[in-house]
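**Q** If you read the sequences in order, they're chains A and B.
Sequential numbering of the first sequence, starting at 834, is according to the numbering used here.
Sequential numbering of the second sequence, starting at 114, is according to the numbering used here.
Everything labelled a hint here was simulated from the structure, so no lab data went into it.
The C-beta atom is built at its ideal place from N, Cα and C for all residues, glycine as well.
Check each hint, because a few of them may be wrong.
Quick partial rundown of chain A residues pointing at chain B, CB under 10 Å, derived from the structure [as the list claims (entries may be wrong)]: (1) D844; (2) F846; (3) I852; (4) L875; (5) S876; (6) M877; (7) T881; (8) D889; (9) A920; (10) K923; (11) E925; (12) I927; (13) A930; (14) I939; (15) K951; (16) Q953.
Calculated from the model, a selection of chain A residues having no Cβ within reach of chain B, i.e. all distances over 12 Å [as the list claims (entries may be wrong)]: (17) D845; (18) R851; (19) N864; (20) A865; (21) A880; (22) V918; (23) Y938; (24) H959.
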Amino acid sequence: MSSEPRFLIVDDFSTMRRIIRNLLKEIGYANAEEAEDGVAALSMLRATKFDFVVSDINMPNMDGFALLKQVRADETLKGLPFLMVTAEAKKEDIVNAAQNGANGYIVKPFTKATLEEKVQKIMKQHA
Amino acid sequence: MGHSDGFTQHPIEQAVAQTAPPAPAMDVWGDPANFRPAPAGPGGAADDEAHGAGGGNTELYQRIGHLTRTLHNALRELGLHESLADARDHLPDARDRLAYIARVTGEAAEKVLNAVDRARTVQDMLAGGAKGLESRWAAVALYADGGAERATPAGCELIGDTRSFLRSIDEQAVQTNAILTEIMMAQDFHDLTGQVIRKVVALSQELEEQLVHLLIDATPPEQRRRIEPARLEGPVVDAGQRTDVVTDQAGVDDLLASLGF
Chain A
834 MSSEPRFLIV
844 DDFSTMRRII
854 RNLLKEIGYA
864 NAEEAEDGVA
874 ALSMLRATKF
884 DFVVSDINMP
894 NMDGFALLKQ
904 VRADETLKGL
914 PFLMVTAEAK
924 KEDIVNAAQN
934 GANGYIVKPF
944 TKATLEEKVQ
954 KIMKQHA
Chain B
114 MGHSDGFTQH
124 PIEQAVAQTA
134 PPAPAMDVWG
144 DPANFRPAPA
154 GPGGAADDEA
164 HGAGGGNTEL
174 YQRIGHLTRT
184 LHNALRELGL
194 HESLADARDH
204 LPDARDRLAY
214 IARVTGEAAE
224 KVLNAVDRAR
234 TVQDMLAGGA
244 KGLESRWAAV
254 ALYADGGAER
264 ATPAGCELIG
274 DTRSFLRSID
284 EQAVQTNAIL
294 TEIMMAQDFH
304 DLTGQVIRKV
314 VALSQELEEQ
324 LVHLLIDATP
334 PEQRRRIEPA
344 RLEGPVVDAG
354 QRTDVVTDQA
364 GVDDLLASLG
374 F
């Protein structure tokens with residue numbers, strides 16, 4: 834991973850994308866871009882190198898689960914750290930995310946400390 | 114009865130198209146005469162059948178005729194009932210209002226985030242300026258310490274107080290930034306409420322379609338197509354009454370840990 838990891842924030846709500854972007858900046862990750870759904874995210878991931886994905890689940894066109902599956906099925910993207918940040922609190926969805934290869938799962942509303950903890954933990958695992 | 118004829122002449126899709134803007138329920142139903150049951154009186158089919166079947170069955174057929182009439186009236190009442198038609202007619206308006214709420218709250222959240230960004234910039238400038246001034250005052254303090262002829266005791270005290278104040282500005286900027294982060298985080302309500310609103314809008318869309326079908330077909334309520342809940346539910350609004358959801362991040366972490374993640 835490069836010295837300044839590049840994040841992709843995927844959420845259909847611009848407010849949430851902005852909040853996550855600002856939080857990442859506060860915890861030391863200023864290099865971030867945004868996508869509004871899984872389709873746009875996948876296109877960006879295939880076009881440019883990213884080091885970390887922070888994705889919502891419930892989105893139009895392509896949801897976070899579908900995006901995760903596409904990422905894990907892609908030879909060049911499959912090792913990408915993938916953190917779910919979502920309002921979906923069903924145990925079934927959490928298990929589903931884990932079984933499909935998500936590296937972390939945060940339920941909204943969340944705190945800066947929670948995001949920082951999960952991001953740092955995943956960063957360490959992929960160092 | 115003429116129900117089947119009435120329905121084949123008014124396919125659902127065609128009728129839905131015709132009801133935008135919604136037409137009175139009667140227009141959707143077609144000719145009410147089509148729904149009139151066979152008369153139970155002399156010359157009617159029910160009467161003929163009753164006589165043909167024997168006097169013992171007369172009461173039975175009368176009851177069936179009565180039930181048929183009651184059912185027909187109930188169905189017609191259901192189809193023509195103003196409140197039902199009104200409910201259907203008001204759903205688009207309700208959706209528009211919800212969409213308005215989502216839009217306005219979204220704009221408000223963006224305004225707050227813009228204000229937070231501006232406040233951070235101002236705060237950073239203030240802290241940076243204070244830091245620069247403090248280092249300059251540090252040089253003055255060093256000079257003043259050289260002897261009484263360089264600064265009076267009151268002057269030395271003023272220098273100390275000024276440096277202390279400038280340092281506190283930097284500390285207060287850290288606190289202010291933490292508060293600004295809280296304000297920023299609180300704007301996540303837009304995402305959470307927005308998801309709920311989107312789900313309610315989708316449900317109201319379903320409901321409207323169901324009402325249109327009901328008005329057209331006059332099917333009994335228990336045969337109405339069930340509104341299937343979307344698999345992804347969005348924010349949990351009744352966590353206290355459910356066991357299939359987690360209520361906080363600790364619940365997520367415990368669940369994942371139990372699975373070995």
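**Q** Which of the numbered hints above does this structure break?
**A** 4, 5, 6, 7, 16, 17, 18, 22 and 23
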